[in-house]
Amino acid sequence: SQTIHQWPATLVQPVGSPLSLECTVEGTSNPNLYWYRQAAGRGLQLLFYSVGIGQISSEVPQNLSASRPQDRQFILSSKKLLLSDSGFYLCAWSVRGTVRELFFGEGSRLTVL
Amino acid sequence: GQSLEQPSEVTAVEGAIVQINCTYQTSGFYGLSWYQQHDGGAPTFLSYNALDGLEETGRFSSFLSRSDSYGYLLLQELQMKDSASYFCAVRDGSGTDKLIFGTGTRLQVFP
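For the record, the sequence lines run as chains A and B. For any residue, its number in our numbering is found by taking its place in the first sequence, counting from 1, and adding 916. Read in our numbering, the second sequence has 39 at position 43, and its numbers run on one by one without any break.
To be clear, the hints were calculated from the coordinates, so they are not data collected in a lab. There may be inaccurate statements among the hints.
Here are a few chain B residues that sit away from chain A, every Cβ distance over 10 angstroms (derived from the structure) [said to hold, decoys possible]:
id : residue
1  : 3
2  : 7
3  : 21
4  : 41
5  : 48
6  : 50
7  : 51
8  : 57
9  : 61
10 : 63
11 : 74
12 : 83
13 : 93
14 : 95
15 : 96
Just some of the chain B residues that point at chain A, by a computed CB distance under 10 angstroms [as the list claims (entries may be wrong)]:
id : residue
16 : 23
17 : 24
18 : 26
19 : 27
20 : 33
21 : 36
22 : 46
23 : 49
24 : 79
25 : 92
26 : 97
27 : 98
28 : 99
29 : 104
30 : 106
Note that the coordinates shown come from a computational prediction; the quantities given were computed from them, not determined experimentally. The C-beta atom is built at its ideal place from N, Cα and C for all residues, glycine as well.
Generate the whole structure from the sequences, applying the supplied hints.
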């Protein structure tokens, strides 16, 4: 069966510090991978989307970046965090060629102070 | 671009029926999905409609009218555990594998 793991689950970072969130998928090959962000009580904002290794589509211009060094690994990074980067970050995957169903990781709650 | 609109909040009592509406605007339509998210948790898939009509899965049903760019999620025999946020979502109109979510509807079920 397929599983998705995302870490860390919670982190508190000072403004200006770097960020790295990691997501891995098991039990499937060539998945679409996604990073979403959710502000408190709000909807899901698509940040990055990837259809393959090294292929990243950025949806929102900001100080975040994403990388896909391996087929089932997706990393979200920042060199210098802003207060506005606080939120709940969700990694997800779907079967290539369809978005009928997205499978989400447990999420990473980031607080920037 | 795409946009999806949902009511921000709906309240109901246990055992009741509630309908959560979703209207969408998209340049190309490939289907409407619904997700449930409990506080602090990750969204989980509920249903998908590609064609007009009603899809039933247990206590939950989802309806789609493509001509009206409208859909709804129907929750029957409400239980306290159904208190959560519900999101509709559509595939990006350009045909890529991107899923765009609505603003979400917070459902509160009271005893």
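Assertion that residue 95 of chain B lies farther than 10 angstroms from chain A (Cβ): Per Cβ check, residue 95 of chain B is inside 10 angstroms of chain A; nearest 4 angstroms; violated.
Interface hint for residue 49 of chain B, Cβ within 10 angstroms of any Cβ on chain A: violated (16 angstroms)
Mind verifying the non-interface call on residue 63 of chain B? Its CB should be farther than 10 angstroms from each CB in chain A. It holds; residue 63 of chain B is separated from chain A by about 21 angstroms at its closest Cβ, greater than 10 angstroms.
Status of the residue 99 of chain B interface restraint (C-beta, 10 angstroms, chain A): holds (5 angstroms)
When the least beta-carbon distance from residue 104 of chain B to chain A is tested against 10 angstroms, hint result: violated (13 angstroms)
Interface exclusion of residue 7 of chain B relative to chain A, criterion Cβ beyond 10 angstroms: holds (16 angstroms)
Residue 74 of chain B clear of chain A by more than 10 angstroms, beta carbon to beta carbon? holds (22 angstroms)
Classify the hint on residue 97 of chain B as holds or violated, based on whether any CB of chain A lies nearer than 10 angstroms to its CB. holds (4 angstroms)
Beyond 10 angstroms on every Cβ pair: is that true for residue 48 of chain B relative to chain A? Holds: least Cβ distance 17 angstroms, greater than 10 angstroms.
Answer holds if the nearest beta-carbon of chain A is closer than 10 angstroms to that of residue 106 of chain B; otherwise answer violated. Check failed: Cβ of residue 106 of chain B comes no nearer than 19 angstroms to chain A, outside 10 angstroms.
Would you assess whether residue 41 of chain B, listed as outside the interface, keeps its beta-carbon beyond 10 angstroms of every beta-carbon in chain A? Incorrect as stated: the minimum Cβ-Cβ distance to chain A is 5 angstroms, not above 10 angstroms.
Under 10 angstroms is the threshold here; is the Cβ of residue 46 of chain B close enough to any Cβ of chain A for the hint to stand? holds (8 angstroms)
Checked against the numbered hints given earlier, this structure breaks hints 4, 12, 13, 14, 15, 16, 17, 23, 24, 29 and 30; the rest are met.
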